[in-house]
Amino acid sequence: GAVVSQHPSWVICKSGTSVKIECRSLDFQATTMFWYRQFPKQSLMLMATSNEGSKATYEQGVEKDKFLINHASLTLSTLTVTSAHPEDSSFYICSASGQYEKLFFGSGTQLSVL
Amino acid sequence: KQEVTQIPAALSVPEGENLVLNCSFTDSAIYNLQWFRQDPGKGLTSLLLIQSSQREQTSGRLNASLDKSSGRSTLYIAASQPGDSATYLCAAPPLGGSNYKLTFGKGTLLTVNP
Numbered sequence: 001g002a003v004v005s006q007h008p009s010w011v012i013c014k015s016g017t018s019v020k021i022e023c024r025s026l027d028f029q030a031t032t033m034f035w036y037r038q039f040p041k042q043s044l045m046l047m048a049t050s051n052e053g054s055k056a057t058y059e060q061g062v063e064k065d066k067f068l069i070n071h072a073s074l075t076l077s078t079l080t081v082t083s084a085h086p087e088d089s090s091f092y093i094c095s096a097s098g099q100y101e102k103l104f105f106g107s108g109t110q111l112s113v114l
Numbered sequence: 001k002q003e004v005t006q007i008p009a010a011l012s013v014p015e016g017e018n019l020v021l022n023c024s025f026t027d028s029a030i031y032n033l034q035w036f037r038q039d040p041g042k043g044l045t046s047l048l049l050i051q052s053s054q055r056e057q058t059s060g061r062l063n064a065s066l067d068k069s070s071g072r073s074t075l076y077i078a079a080s081q082p083g084d085s086a087t088y089l090c091a092a093p094p095l096g097g098s099n100y101k102l103t104f105g106k107g108t109l110l111t112v113n114p
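Read top to bottom, the protein sequences are chains F and E. Position one of the first sequence corresponds to residue 1 (my numbering), numbered consecutively onward. Position one of the second sequence corresponds to residue 1 (my numbering), numbered consecutively onward.
No false leads were mixed into what you were given.
The following label-pair restraints were derived from C-beta to C-beta distances:
#1 Lys102/F to Val13/E: 22 to 30 angstroms
#2 Lys20/F to Asn63/E: 35 to 43 angstroms
#3 Glu52/F to Ser59/E: 30 to 38 angstroms
When the alpha-carbon atoms are kept at most 27 angstroms apart in a straight line, the in silico DSSO-like pairs for lysine-lysine are as follows:
#4 Lys42/E to Lys20/F
#5 Lys41/F to Lys101/E
#6 Lys14/F to Lys42/E
#7 Lys66/F to Lys41/F
#8 Lys42/E to Lys41/F
Far from chain F by the CB rule (all over 12 angstroms, computed), these chain E residues:
#9 Asn22
#10 Ser28
#11 Glu56
#12 Asp67
#13 Ser69
#14 Gly71
#15 Arg72
#16 Gln81
#17 Thr111
#18 Val112
Rather than coming from a laboratory, the hints here were simulated on the basis of the structure. Beta carbons: idealized from backbone N, C-alpha and C, even for Gly.
Using the sequences and the accompanying hints, generate a full structural model.
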């Protein structure tokens with residue numbers, strides 16, 4: 001089946017630094033990828049839709065200058081959390097659309113900002 | 001806007017028991033509904049996808065049903081095993097929107113005790 005690789009699995013950083021998270025579709029091409037964040041015991045909240053070769057579409061309330069998304073190829077999308085602060089600490093998950101309208105998810109990245 | 005609710009939030013059962021997880025949605029003109037499994041600190045694994053024209057889908061010990069008129073879906077797990085312990089999420093796309101922009105419920109945390 002389709003595989004989506006996401007890394008790093010976890011990252012700890014100091015407040016004010018930037019963190020990049022990668023999401024790769026390993027055995028299929030994904031023109032569209034999605035980025036979610038999840039707080040403990042809460043559901044996944046869609047942050048943005050990443051389209052290959054064009055600008056990402058952000059959900060209401062998500063700061064595009066804070067969460068930079070780049071989808072430079074059909075197999076790679078990156079999310080950069082710029083000038084991270086403790087309130088950005090969360091679990092971030094990417095997904096890619098595959099065949100038969102199924103979504104395939106990465107394993108997630110736990111971000112902790114000190 | 002589609003809203004998805006899952007009941008119960010947590011469920012603990014002894015091994016071998018059959019169980020039902022519930023999912024309700026507000027917009028009955030649903031295109032499809034998916035059930036996912038999430039292990040702690042991990043991404044999501046798609047379990048079953050039910051199209052609006054279908055009433056149920058089965059995969060092994062799992063059976064998912066869809067009743068659009070009542071706005072409900074159920075996930076039935078037969079002969080539960082400790083390995084089934086995880087959070088189960090249901091999700092539906094918005095009416096008229098991208099089929100990939102899913103709205104997720106908060107999930108049901110299932111614990112199967114040996």
